[in-house]
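Please construct the entire structure, taking both the sequences and the accompanying hints into account.
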Amino acid sequence: MTRQWWIWALVAALMALAAVTACGGGGGGDDDDDDDAADDDDDDDDSGDDDDDSVIGPADDPEAIPAEALALFTGASYDDIVATGFTVYAGNGPPNIQSTFLINNSLIVYERRGAVSLPEIPTSVGTYEDDFLFTFLNQLANGHVDITYVATDDDELGNGGGAFISGWNGCFTTYLEVETEQESGLEDPCVWTSVQMLSGCLTTAGITNTEWAIFVKTQTPECNYLILPNNSIRIIDDEDGLSEYYEE
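Numbering-wise (the working numbering), the sequence shown opens with residue 1 and increments by one.
These aren't lab readings, by the way, just hints derived from the structure by calculation.
All values derive from a computational prediction rather than experimental measurement.
The beta carbon of each residue, even a glycine, is placed where N, CA and C say it ideally should be.
Each hint should be verified, as a subset may be incorrect.
What follows is a set of in silico ranges between Cβ atoms, one per label pair, in the way DEER data are often shown [said to hold, decoys possible]: (1) Pro221 with Glu247: 24 to 32 Å; (2) Gly185 with Asn142: 38 to 46 Å; (3) Glu248 with Thr123: 33 to 41 Å; (4) Leu107 with Asp61: 40 to 48 Å.
Okay, derived cross-link-like pairs now, EDC-like style, lysine to aspartate or glutamate, Cα gap no bigger than 16 Å in a straight line [what the hints assert, rightly or not]: (5) Lys217 with Asp53; (6) Lys217 with Glu181; (7) Lys217 with Glu179.
Structure below.
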């Protein structure tokens, strides 16, 4: 009887030890599963670190406009443009607009002429400008962007290398000082300078609700009333609401 009791006690002890070992093994497995889950979470976090190249800029201030952009507009030219109702999209998170767009159906919707103007020249409001190709390059997070535009009939070329951009939520405004050269019918071309703003919202089809503002600053004698007088403003809208991506 004593020996049987000892044997049964030994069996019970071994069974208890086996149970404890099994539980410990199961707990270790749960820890491994937790570690795997944590690794998966880390992977998910890493996947969110990919750069979003649809936006160029820190995108932390929806009211920002580059100081260098406003410095292009001497005197009251910026305020005068905004006073026309022209839309300005502020912010340091503009969309990536590096491409070429066709601005056609270019309807002149506003015009304010400078002091020196021939009274017999009628207003251009309600008429159409030429079609233009706008190209945006080298857009940087500090708000810099290079801009060139050319009339599709090749009689006018503008270059705004020192240009800037602001924007937020897919919409943007560019600011540029431009020297434009166009045919004058004389030996030398008409060369004029202006500050300009272009606003719109980027979509997969192109720029929607395009607005283009021009403030004339200077011009050579060859211009001879080919363009608006100095200190004039012209606002142009893309009448059909879309400036499409352009591919040759």
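How the hints compare with the structure:
no.: 1; hint: Pro221 with Glu247: 24 to 32 Å; in the structure: violated (39 Å)
no.: 2; hint: Gly185 with Asn142: 38 to 46 Å; in the structure: holds (42 Å)
no.: 3; hint: Glu248 with Thr123: 33 to 41 Å; in the structure: holds (35 Å)
no.: 4; hint: Leu107 with Asp61: 40 to 48 Å; in the structure: violated (33 Å)
no.: 5; hint: Lys217 with Asp53; in the structure: violated (36 Å)
no.: 6; hint: Lys217 with Glu181; in the structure: holds (14 Å)
no.: 7; hint: Lys217 with Glu179; in the structure: holds (10 Å)
Checked against the numbered hints above, the structure breaks hints 1, 4, 5 and satisfies the rest.
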